[in-house]
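Line by line, the protein sequences are chains A and B.
The first sequence begins at 1 in this note's numbering and counts up by one.
The second sequence begins at 1 in this note's numbering and counts up by one.
Since the hints were derived computationally from the structure, they do not count as laboratory data.
Bear in mind the structure is a predicted one, so any value in this text is a computation, not a measurement.
Any given hint might turn out to be false.
Pairs involving identical chains hold if they fit within one copy or between any two copies, as the list cannot separate such chains.
Restricting the straight-line Cα-Cα distance to at most 30 Å, the calculated cross-link-like pairs of lysine-lysine (BS3-like) are [to be verified]: (1) K27 - K257; (2) K186 - K27; (3) K25 - K90; (4) K6 - K187; (5) K381 - K28; (6) K75 - K28; (7) K75 - K25; (8) K397 - K330; (9) K28 - K82; (10) K54 - K75; (11) K257 - K25.
2 protein chains.
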Amino acid sequence: MPSISKKGHLMPESPIRKLAPFAEKAKKLGIKVLHLNIGQPDIETPKIALDAVKNNNITILAYAPSEGSESYREKLADYYAKHHINVDSKDILVTTGGSEALSFVIGTIADVGDEIIVPEPFYANYYGFASANGVKITPIASRIEDDFALPPIEEFEKLISPKTKAILINNPNNPTGYLYSKEEIKKLAAIVKKHDIFLVADEVYREFIYEGKQHYSILQESDLDNNAIIIDSVSKRYSMCGARIGCLVSRNESVIKTALKFAQARLSPPTYALVASEAALETPESYFIEVKEEYVSRRDVLITELQKIKGLKVAKPNGAFYCIAELPVKNADDFARWLLESFNLNNETIMIAPAAGFYATDGLGRNQARIAYVLEKESLKRAVRILKEALTTYNGK
Amino acid sequence: MPSISKKGHLMPESPIRKLAPFAEKAKKLGIKVLHLNIGQPDIETPKIALDAVKNNNITILAYAPSEGSESYREKLADYYAKHHINVDSKDILVTTGGSEALSFVIGTIADVGDEIIVPEPFYANYYGFASANGVKITPIASRIEDDFALPPIEEFEKLISPKTKAILINNPNNPTGYLYSKEEIKKLAAIVKKHDIFLVADEVYREFIYEGKQHYSILQESDLDNNAIIIDSVSKRYSMCGARIGCLVSRNESVIKTALKFAQARLSPPTYALVASEAALETPESYFIEVKEEYVSRRDVLITELQKIKGLKVAKPNGAFYCIAELPVKNADDFARWLLESFNLNNETIMIAPAAGFYATDGLGRNQARIAYVLEKESLKRAVRILKEALTTYNGK
Chain A
1 MPSISKKGHL MPESPIRKLA PFAEKAKKLG IKVLHLNIGQ PDIETPKIAL
51 DAVKNNNITI LAYAPSEGSE SYREKLADYY AKHHINVDSK DILVTTGGSE
101 ALSFVIGTIA DVGDEIIVPE PFYANYYGFA SANGVKITPI ASRIEDDFAL
151 PPIEEFEKLI SPKTKAILIN NPNNPTGYLY SKEEIKKLAA IVKKHDIFLV
201 ADEVYREFIY EGKQHYSILQ ESDLDNNAII IDSVSKRYSM CGARIGCLVS
251 RNESVIKTAL KFAQARLSPP TYALVASEAA LETPESYFIE VKEEYVSRRD
301 VLITELQKIK GLKVAKPNGA FYCIAELPVK NADDFARWLL ESFNLNNETI
351 MIAPAAGFYA TDGLGRNQAR IAYVLEKESL KRAVRILKEA LTTYNGK
Chain B
1 MPSISKKGHL MPESPIRKLA PFAEKAKKLG IKVLHLNIGQ PDIETPKIAL
51 DAVKNNNITI LAYAPSEGSE SYREKLADYY AKHHINVDSK DILVTTGGSE
101 ALSFVIGTIA DVGDEIIVPE PFYANYYGFA SANGVKITPI ASRIEDDFAL
151 PPIEEFEKLI SPKTKAILIN NPNNPTGYLY SKEEIKKLAA IVKKHDIFLV
201 ADEVYREFIY EGKQHYSILQ ESDLDNNAII IDSVSKRYSM CGARIGCLVS
251 RNESVIKTAL KFAQARLSPP TYALVASEAA LETPESYFIE VKEEYVSRRD
301 VLITELQKIK GLKVAKPNGA FYCIAELPVK NADDFARWLL ESFNLNNETI
351 MIAPAAGFYA TDGLGRNQAR IAYVLEKESL KRAVRILKEA LTTYNGK
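Bound conformation, chain A alone:
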């Protein structure tokens, strides 16, 4: 039999995916599974975006321009201007989801064997895209005790080698919900300038920031024109994960020009989704206000309830819709599987995302889980009650 590539063997399996068969089994047994494990919001997509697709008058579903249409990119530039990010349509390359933007960025800035420094825990698929490109992720641990703040900048400095091409952050962060401050961004800006490497910021949760806090984008740093690259996506902003439209944004011309070559090879982003995404830019501000209010109250319910569980530690998130909880168990992988296989409370159980998959350093995060607050408050309350009972039973085994 012909052999599979080494790269194929090294590609990680999604940490959540491994649990999926156990969730299926539980459902077949008539047990309702509350999904705290996923990043798929239950919020409705703005009607203006849905209607644009329903009312489209396409007769030939043709390729879009590889870089996205000029009109969409111009409107995106206006969107960024409203967020104090000064870019032109030519600084924007539209991609098939934030995923593809990340993949293009890695290909554009790093070769096989090169390194990218990422604070851990981080979005697990960063590891997948790095593996697919033969690029090494150099993790730098952020700690639950510090609410997952930026690790000391000297720690970054120690890790920078001639192979280091970039520092990659996710702001606000999935899975921790941490929002980097302006001061932290300025520290990162200084270090990438000093070492002449890139600062890549995945800012897909830009709008999901609570209690009047402000998001500070790396592209608000006027001095970072050549070093800064933003990864973005419509997925969470407009609750349209299935659109698969994202973009990469940089004032560095060579970055955009090179990424465009990768974009040309795959021809075009999906046309219907572009119709939805362009219309979504007209979403009224009231939509975001409502969504934000909903998430804040969900977060508050979740954190308050979680903090009542003895032995559980949780960092209060200021952004996105996740938190990392340290559980009073040794192995969250085992516990997560047990929840699906052997536990229910009134025929309900919960699915959580074991956090080890969000760390690159072996051994870290073993007793942590990511909990997403993409369910309504009543379900969240029930979910935490299940978690509490389950921990008692599990630890009493």
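Using the hints, position chain B against chain A.
Chain B only, in chain A's frame:
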């Protein structure tokens, strides 16, 4: 300034893209450009697919399963059964266009430095995906004198090294329009079995076959379960290039399992496009009969008219909607640019795709161009008239 990757520098620019600014300039001067250079059909998308999207009742545009929905993959298996290809839904992984299928296949079967043998001329983006993966394309020349038939199988044998992971064909072929015979496929099957490598067939033009000829798929070879991988796409079949839905098909479990890891990292194919693609499977047979009739008559007009041009050589295509013409010029690149910059006939000119970009061997195809017959007959006639006049003027310079 931080540096761009070596890979990024090596990524090829689309050969057509290089000409685009000259076409723009001509249009600004009021000259109409007839596009013989592109693979975007002017045929309407089946109404059943367009209507499915218009009438969708999605309220949350959610992620699709990474591998595509079970229902779509089951219907795809039925579609393949009708084409004498015996596969199960589990043998199918739905992708974001045929492009992504190819990208996943290369990642799944080849590491940096590995080689894939491809008869040239070939679809230019193969080179892009190989470059992005650090994989080398080993070309084997097919010749216009042989109508671009499969090169002698001994020539393949000479090129197979321990680094060779696959032979990749496009059947019917873009850019030549060549349709491989059952005998040719059987020869390829024997050689990949002998050397224990993969046979990858890009069969996206399966339906575009003329004069009652039959397509013979590599998966009709029952003995090739572990070695055969099909790349497929809805783009040309239903004239929905902008959907960005394709798939890879293989009865080799490890291939599907490994490719799924790449698929999980990018989360999901585009949801609206899946709605269109699933509905498109119900397209009535009459649609294909009409489309085929249209393409046959376009091809006949194009080839008949081209053959009237003195010094021009053309291989009559039996499939797809392209042909390669050898022009009485030294450098088709220069001629293509001149057509846009310095020539017009009654305020019209043509854009052709210089063929050198479809060859990996330096120097081959320099006097050739790919001509697509994706325009209606009257436009094609005018286009060939322009080509004829242009050649006379160009050669008289």
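These are the hints, each one checked on the structure:
no.: 1; hint: K27 - K257; verdict: between (48 Å within a copy, 24 Å between copies)
no.: 2; hint: K186 - K27; verdict: neither (48 Å within a copy, 47 Å between copies)
no.: 3; hint: K25 - K90; verdict: between (49 Å within a copy, 19 Å between copies)
no.: 4; hint: K6 - K187; verdict: between (38 Å within a copy, 29 Å between copies)
no.: 5; hint: K381 - K28; verdict: within (24 Å within a copy, 63 Å between copies)
no.: 6; hint: K75 - K28; verdict: between (47 Å within a copy, 24 Å between copies)
no.: 7; hint: K75 - K25; verdict: between (46 Å within a copy, 25 Å between copies)
no.: 8; hint: K397 - K330; verdict: within (13 Å within a copy, 82 Å between copies)
no.: 9; hint: K28 - K82; verdict: neither (48 Å within a copy, 33 Å between copies)
no.: 10; hint: K54 - K75; verdict: both (21 Å within a copy, 24 Å between copies)
no.: 11; hint: K257 - K25; verdict: between (48 Å within a copy, 21 Å between copies)
Going through the hint list in order, the structure does not satisfy hints 2, 9.
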